[in-house]
Amino acid sequence: MTFRYALCVMRLNELTIKEAQELMAKGEITSVELTKACLERIDEVNEKLNACLTVCKSEALREAEMADERRASGEVGELLGIPYIAKDNILTKGIRTTAASKILENYIAPYDATIIVRLKEAGAVLLAKANLDEFAHGASTENSAFGVTHNPYDLDRVAGGSSGGPAAAVAADMCIFALGTDTGGSIRCPASFCGITGLKPTYGRSSRFGLVAMTSSTDVPGPMTKTVVDAAIVQKFISGKDKYDSTTVDEKIDDYGSEIKKDIKGLKIGIPEEYFTEGLDKEVAELINRAIEKLTGLGVEFVKVSLPHTKYGVPVYYIITPSEVSSNLARHDGIRYGYSVHDGAKDLAEVYLKSRGQGFGPEAKRRIMLGTYALSAGYFDAYYLQAQKVRTKIKEEMDKELEKVDCLLTPTAPHVAFKIGEKAADPLQMYLEDIFVTGASLAGLPAISVPCGFANGMPAGFQLIGKRFDEKTLFRIGHNYQQATEWHKQKPNI
Amino acid sequence: MDYIDQLKEVDVTGIEPTAQVTGLVNAWREDVVEYCDTEIREAALSQAPEIEEHQVKVKRILE
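Just so you know, the sequences run in chain order A and B. Just so you know, we're using this note's numbering here: the first sequence kicks off at 1 and counts up by one. Just so you know, we're using this note's numbering here: the second sequence kicks off at 1001 and counts up by one.
The set of hints was computed from the structure by calculation and includes no laboratory data. A couple of the hints might just be wrong.
Unchecked claim - In the DSS-like style, the derived pairs of lysine-lysine whose C-alpha atoms are separated by at most 27 Å in a straight line are:
#1 A:K236 / A:K262
#2 A:K236 / A:K467
#3 B:K1008 / A:K311
#4 A:K102 / B:K1057
#5 A:K400 / A:K262
#6 B:K1008 / A:K395
Kindly generate the complete structure, drawing on both the sequences and the hints.
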């Protein structure tokens, strides 16, 4: 009886993957009930948050019914019947994928991304496609062609970016979990701003096939969840080699479920001094220090390490990223798919110019211009090649320091979510948002953001950066921290 | 550009550029035609603004 009572108080959409799965396994709830609760919540709050761009209600209910049938026939599975939301730069067969760009406003992919296929096979239920900065270019979702996503903790503030839609949706319980993509912080920054857990896996750990390509050498999809346990569950399903993505690595996928149960006594975490200097908000620094104290209490030993090339992360990123972006966006030409000014154009060149001129937003155009400039014959050595060499130094330096410790701990972002419009006028200010997150991206290392408290009512997270393919240690530390704290259980009042 | 120019102060003598981080080498496969069913083919083609005889039509390139 007490259990039923608890269900009445707690709405189903507020459940974690683990909780929902246990209730479905016991026959207490069905996937259809869970899916309906999420869809009702989307109806209730999406107008305020603008987190979802497309809601696929009828498809979701059909998938939920199928999941219930699979369960009735004896199937079990950790994601069977669990409703989720995917960032709208992940291709979904038959359901619109816009990348939050006018140029793909009506694009319907003829196939699913590999990670969507894997979740479908596991029986997860796709509810909606979520907002992002156009083509994932940004740290605030203000670059979306379809309007900014609002932070559930304060509607006047950004949700972070570029995966702002999925982060806001998880924080506001519009779904049980979400899929994001991270190129230079795009999962971790919004996870920190919205008070949720977000993992950027090792580059090559989860398939990029079917993502709208941004920076092919750093793009990687990962889970955005309510707990570290949930992130580990989702990551298990989306990990592994994919014959359609030749950069995926055939590396052992650890049994995260049993790894995270281990305690963390005697683990050694490095604190890179370069991440605790100018620009780090005092109150956020205080939250990070308290997280360090908490982990110390759990038996972790902290040591100082030095990553002197940290400050070059952002300039390297903003050469390499626009360079790859300018090349990857060349495919949007108004010929085969997407927005096209076809009628009335006198020749092919005019189709290209008008389709791209009208279809791309300002930030995409800025990056195409920066990228083509950095790659042009006269400047290639000075910019692109130099950036790639400095990238080598950043990568080697991080790998070397990580040999001495189990992982690194840093703030995820220098401050809490900022006001909408506060930084939009100055692209360089916006680029500097990425200061603590570009390192792991350029080096291809796994990194997780875990909520660790509130400053002025807004959530903040710490970041753990791990060794290549060592997601399990990040999960283990994050889970032990969440066992000892309540920050991940806080809910916005919306 | 001034901000980006700080990269020039880093000594990169003898440093190889990093284009990828996995350490993987080329993944080859046989160059064979894979069957793609009509439904997917039509779904892909239907995204183009102008189609003629199951092919995407483009404007003239030469005068």
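Evaluation of the provided hints:
no. : hint             : in the structure
1   : A:K236 / A:K262  : holds, 18 Å
2   : A:K236 / A:K467  : holds, 17 Å
3   : B:K1008 / A:K311 : holds, 13 Å
4   : A:K102 / B:K1057 : holds, 22 Å
5   : A:K400 / A:K262  : holds, 26 Å
6   : B:K1008 / A:K395 : holds, 18 Å
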